[in-house]
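Novice: Here's the letter readout for the chains.
There are 2 protein chains.
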Amino acid sequence: MSILVVGSVAFDSVKTPFGEREHILGGAAMYFSVAASFFADVRLVGVVGDDFSAEHEAVFKERRIDISDLERVKGQRSFHWKGEYGFDLNVARTLDTQLNVFADFKPKLSNVARQANYLFLANIQPALQREVRQQLNPRIVAADTMNYWIENDRKELLETLKGVDLLIINEAEARELAGEANLLKASRRILTMGPSRLIVKRGEYGAVMFSDSSYFAIPAYPLEDVFDPTGAGDSFAGGLMGYLAATNASDEAAMRRAVIYGSVMASFNVEEFGVDRLRRLSHEEIDERFKTIKEMTHFGDSDAPRRSFLAGD
Amino acid sequence: MSILVVGSVAFDSVKTPFGEREHILGGAAMYFSVAASFFADVRLVGVVGDDFSAEHEAVFKERRIDISDLERVKGQRSFHWKGEYGFDLNVARTLDTQLNVFADFKPKLSNVARQANYLFLANIQPALQREVRQQLNPRIVAADTMNYWIENDRKELLETLKGVDLLIINEAEARELAGEANLLKASRRILTMGPSRLIVKRGEYGAVMFSDSSYFAIPAYPLEDVFDPTGAGDSFAGGLMGYLAATNASDEAAMRRAVIYGSVMASFNVEEFGVDRLRRLSHEEIDERFKTIKEMTHFGDSDAPRRSFLAGD
Chain A
2 MSILVVGSVA
12 FDSVKTPFGE
22 REHILGGAAM
32 YFSVAASFFA
42 DVRLVGVVGD
52 DFSAEHEAVF
62 KERRIDISDL
72 ERVKGQRSFH
82 WKGEYGFDLN
92 VARTLDTQLN
102 VFADFKPKLS
112 NVARQANYLF
122 LANIQPALQR
132 EVRQQLNPRI
142 VAADTMNYWI
152 ENDRKELLET
162 LKGVDLLIIN
172 EAEARELAGE
182 ANLLKASRRI
192 LTMGPSRLIV
202 KRGEYGAVMF
212 SDSSYFAIPA
222 YPLEDVFDPT
232 GAGDSFAGGL
242 MGYLAATNAS
252 DEAAMRRAVI
262 YGSVMASFNV
272 EEFGVDRLRR
282 LSHEEIDERF
292 KTIKEMTHFG
302 DSDAPRRSFL
312 AGD
Chain B
2 MSILVVGSVA
12 FDSVKTPFGE
22 REHILGGAAM
32 YFSVAASFFA
42 DVRLVGVVGD
52 DFSAEHEAVF
62 KERRIDISDL
72 ERVKGQRSFH
82 WKGEYGFDLN
92 VARTLDTQLN
102 VFADFKPKLS
112 NVARQANYLF
122 LANIQPALQR
132 EVRQQLNPRI
142 VAADTMNYWI
152 ENDRKELLET
162 LKGVDLLIIN
172 EAEARELAGE
182 ANLLKASRRI
192 LTMGPSRLIV
202 KRGEYGAVMF
212 SDSSYFAIPA
222 YPLEDVFDPT
232 GAGDSFAGGL
242 MGYLAATNAS
252 DEAAMRRAVI
262 YGSVMASFNV
272 EEFGVDRLRR
282 LSHEEIDERF
292 KTIKEMTHFG
302 DSDAPRRSFL
312 AGD
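Just so you know, the protein sequences line up as chains A and B, in that order.
Numbering-wise (our numbering), the first sequence opens with residue 2 and increments by one.
Numbering-wise (our numbering), the second sequence opens with residue 2 and increments by one.
Note that these hints are calculated values from the structure, not bench results.
Just so you know, not all the hints are guaranteed correct.
Remember, identical chains collapse to one label, so a pair may be satisfied in a single copy or spanning two.
[What the hints assert, rightly or not] Here are the simulated lysine-lysine pairs, DSSO-like style, with alpha carbons at most 30 Å apart:
#, residue 1, residue 2
1, Lys156, Lys295
2, Lys295, Lys186
3, Lys83, Lys62
4, Lys16, Lys186
Can you build the whole structure from these sequences, using the hints too?
Specialist: What follows is the structure, encoded as structure tokens:
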């Protein structure tokens with residue numbers, strides 16, 4: 002099964018407590034597609050400028066990601082994000098955002114793109130997400146969003162959510178979208194907005210998945226060195242959607258495994274700057290980390306220990 | 002197997018976004034012993050004043066907790082803590098602390114107390130913890146501490162830790178004790194200080210357990226309403242030590258189950274003010290919540306999905 006992703010391909014200048022990089026390949030759709038490409042065919046819809054060179058194209062080529070629908074705008078520059086992270090790597094501080102070609106981005110879908118079975122709407126303007134979504138009839142539509150749209154484009158976002166199956170957002174976004182501090186209550190509210198499942202990313206604390214009839218929670222894979230959290234959420238979504246597309250399953254068991262694959266891909270992604278780690282990742286490493294997460298969360302059944310005197314109570 | 006706990010029995014005045022209570026029974030040793038009493042015999046060493054009445058004694062009696070070693074000081078009042086929680090229920094703000102009888106607390110252990118097989122050193126001055134510990138030769142010694150001792154009594158604390166098997170502290174304390182922001186690195190440092198296992202409480206994000214050769218992580222039981230987080234950590238320790246004492250096991254599988262029972266007891270404790278919820282808790286409810294945590298964290302083995310073109314790579 003094939004995946005279509007629409008979103009940003011960008012250049013990032015990132016500073017973390019462990020170093021900094023200037024103008025490295027970034028963007029939600031880029032991280033997503035590289036992560037998903039380990040599992041399934043991926044086609045990317047986005048826009049770049051003149052600064053997108055053969056060197057950057059190679060990242061997609063080596064992962065066999067189809068960028069025929071990546072629009073190139075002559076005489077303009079690509080979307081650029083500059084940010085830094087402190088020791089709390091869960092929070093990015095944006096220093097500069099230059100939309101450039103992204104300011105007038107109108108996703109153009111080829112006929113092949115419209116045949117995709119799985120669609121990921123990365124974090125872009127909700128109206129654009131909906132415009133893309135309406136041109137396809139995929140098996141599963143997943144979407145991300147951010148606080149900016151929740152606060153400033155709520156009406157459009159709510160309209161878009163009606164056509165989304167899986168909403169993949171972080172904890173603060175879930176609380177803000179629902180207007181409810183308690184996550185369990187927030188999830189219940191969000192599940193009335195359209196999505197049949199809500200997947201909440203919690204950074205170093207893992208992820209939780211809600212549906213009307215199930216709750217699944219996992220801790221994150223423990224890392225000694227998180228070099229650059231940029232793209233963690235999109236790598237997560239890429240692993241998750243990649244797994245679903247690879248197995249073409251969407252039952253609870255498959256969804257749970259998909260969340261684990263998402264966590265695995267995110268955990269690798271943050272180990273190095275940009276997409277460096279994913280570029281040289283192997284399937285053996287992915288399988289091994291899946292098994293480690295399984296092992297580190299496993300425990301036996303309850304053996305119902307009771308204090309003896311209570312037997313007669 | 003029997004458990005000895007040394008620590009505070011206190012009165013708390015607590016305010017949360019959901020209500021407030023004045024002068025209710027509290028204290029680390031109280032919460033610990035009530036939670037542990039569901040699994041094993043518990044004896045408490047502590048001190049109270051005149052304000053500890055028959056009504057408060059009844060809490061211990063109904064749970065068959067042995068308070069023969071609870072010292073009563075005439076003409077003085079019990080330890081009193083006044084605090085409040087905002088919507089971030091992970092952080093308590095102390096408004097007032099009156100040590101009262103606790104200021105001159107010198108734990109006195111009876112001969113029976115010295116026979117205990119399991120010892121929990123609740124959060125008190127590290128030198129006192131050590132003084133108690135040296136009078137026993139238990140199978141397992143567990144201890145808690147807090148930022149105050151880590152900052153102001155570090156030398157004594159490090160000396161005490163040499164005689165501790167399980168250190169049960171929260172995430173900020175672990176980081177501060179180790180002087181290391183990364184939890185994995187912090188745990189490695191702490192495991193050189195004496196304890197063979199470090200159990201880190203993460204509030205609504207669950208708990209992790211480290212040893213030289215293992216890592217275990219669980220999310221917390223999801224709650225819709227957290228009324229009062231006071232005593233969560235001590236209920237956790239009580240469930241954990243209670244389970245170990247009930248089964249008299251300390252292998253990895255038993256330790257993992259113990260962490261789950263700890264989480265279960267903490268999750269019940271925070272559902273109501275003070276110890277109200279634990280007082281009317283049943284073994285059926287405990288077993289059910291254990292099973293729910295098992296179910297909500299379970300996922301199948303990796304089926305190693307790979308994108309087909311890569312087979313030939």
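Novice: Does each hint hold? Answer for all of them.
Specialist: Status of the hints after comparison with the structure:
1. Lys156 to Lys295: neither (40 Å within a copy, 39 Å between copies)
2. Lys295 to Lys186: Both: 28 Å inside a copy, 22 Å across copies.
3. Lys83 to Lys62: Intra 26 Å, inter 63 Å, cutoff 30 Å: intra-copy only.
4. Lys16 to Lys186: between (36 Å within a copy, 22 Å between copies)
The structure fails to meet hint 1 from the earlier list, while all remaining hints are met.
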